[in-house]
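**Q** The task is simple: from the sequences and hints, build the whole structure.
Heads up: the sequence lines are chains A and B, in that order. Residue numbering for the first sequence follows the working numbering, starting at 1 and increasing by one per position. Residue numbering for the second sequence follows the working numbering, starting at 1 and increasing by one per position.
If you are wondering where the hints come from, they were derived from the structure by calculation, not from laboratory data. All figures in this text were calculated on a predicted structure; none of them were measured in a lab. Hints are not guaranteed to be accurate.
Since the list can't tell identical chains apart, any single copy or any two copies may satisfy a pair.
[To be verified] Straight-line distance between alpha carbons at most 20 Å, and here's what the computed PhoX-like set of lysine-lysine pairs gives: (1) K85 <-> K46; (2) K55 <-> K13; (3) K104 <-> K36; (4) K55 <-> K36; (5) K87 <-> K46; (6) K95 <-> K40; (7) K110 <-> K95.
Number of protein chains: 2
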Amino acid sequence: MNINFRHEINGEKLVTAIAQDYETNEILMTANMNSKALNKTIETGKAYYWSTSRKRIWLKGESSGHTQEVQEILVDCDMDAVILKVKQNGAACHKGYYSCFFRKLNTNNKPNIMNLNNEDIEVISEKLFNPEDIY
Amino acid sequence: MNINFRHEINGEKLVTAIAQDYETNEILMTANMNSKALNKTIETGKAYYWSTSRKRIWLKGESSGHTQEVQEILVDCDMDAVILKVKQNGAACHKGYYSCFFRKLNTNNKPNIMNLNNEDIEVISEKLFNPEDIY
Numbered sequence: 001m002n003i004n005f006r007h008e009i010n011g012e013k014l015v016t017a018i019a020q021d022y023e024t025n026e027i028l029m030t031a032n033m034n035s036k037a038l039n040k041t042i043e044t045g046k047a048y049y050w051s052t053s054r055k056r057i058w059l060k061g062e063s064s065g066h067t068q069e070v071q072e073i074l075v076d077c078d079m080d081a082v083i084l085k086v087k088q089n090g091a092a093c094h095k096g097y098y099s100c101f102f103r104k105l106n107t108n109n110k111p112n113i114m115n116l117n118n119e120d121i122e123v124i125s126e127k128l129f130n131p132e133d134i135y
Numbered sequence: 001m002n003i004n005f006r007h008e009i010n011g012e013k014l015v016t017a018i019a020q021d022y023e024t025n026e027i028l029m030t031a032n033m034n035s036k037a038l039n040k041t042i043e044t045g046k047a048y049y050w051s052t053s054r055k056r057i058w059l060k061g062e063s064s065g066h067t068q069e070v071q072e073i074l075v076d077c078d079m080d081a082v083i084l085k086v087k088q089n090g091a092a093c094h095k096g097y098y099s100c101f102f103r104k105l106n107t108n109n110k111p112n113i114m115n116l117n118n119e120d121i122e123v124i125s126e127k128l129f130n131p132e133d134i135y
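**A** In structure tokens:
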């Protein structure tokens, strides 16, 4: 019964990680973790992820200071995904929103997902900061 | 501004999908979607995913009847992940729990994730049905 780093992306074996606000259950972001990122998260109590594009481990908030203090880690039935229940310092999204999921698809429009237009996407959250002030 | 099926797993271009209870915000499961799965989900209002192991689209609940009625679809900043806010019929997990995330890691133990023992993992949810009665 071990964590199953089953998803291989760009040559790295990963699990899906979901960060969730530990009080409201709002989903903040999703990213990937290799075994080293998960171990560092457990050791330090702060969320570390694996960047599939930059191919390195990153501490969430390393440039913004918007770290995530991990309160609890849940694992799923297949042991290939984890939820980090976190206290989010600042905001999770580099675009200035508390959650990266700050937009919804207007599914009533039956949008063409390969060619979305402005009416197909709606911002549903409030912007908390201007990214240019932080990064 | 289009959905970015950026994660290639086993040769298929995918986004991460997270199913979340639309009333309580409990996270039910995570899986992947290719463009066809997302389109079918939008068209039908029921959650379809891409199975990276079986390499085919599947309707959540196709064998159990435990379908997910999609109330809302959120997209993230990078357009490479979606949240399905769903009304879950029955239970999401094939092991008989409402959510696939029915266990937590006892991080206080500083568990070795490559060699977990029984004390490292704790069931935190109630079993709703016996899988043998359903599948």
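**Q** Hint by hint, note whether the structure agrees.
**A** Verification of the supplied hints:
no.	hint	verdict
1	K85 <-> K46	within (11 Å within a copy, 27 Å between copies)
2	K55 <-> K13	both (12 Å within a copy, 18 Å between copies)
3	K104 <-> K36	between (33 Å within a copy, 19 Å between copies)
4	K55 <-> K36	within (13 Å within a copy, 28 Å between copies)
5	K87 <-> K46	within (10 Å within a copy, 32 Å between copies)
6	K95 <-> K40	neither (26 Å within a copy, 30 Å between copies)
7	K110 <-> K95	neither (27 Å within a copy, 34 Å between copies)
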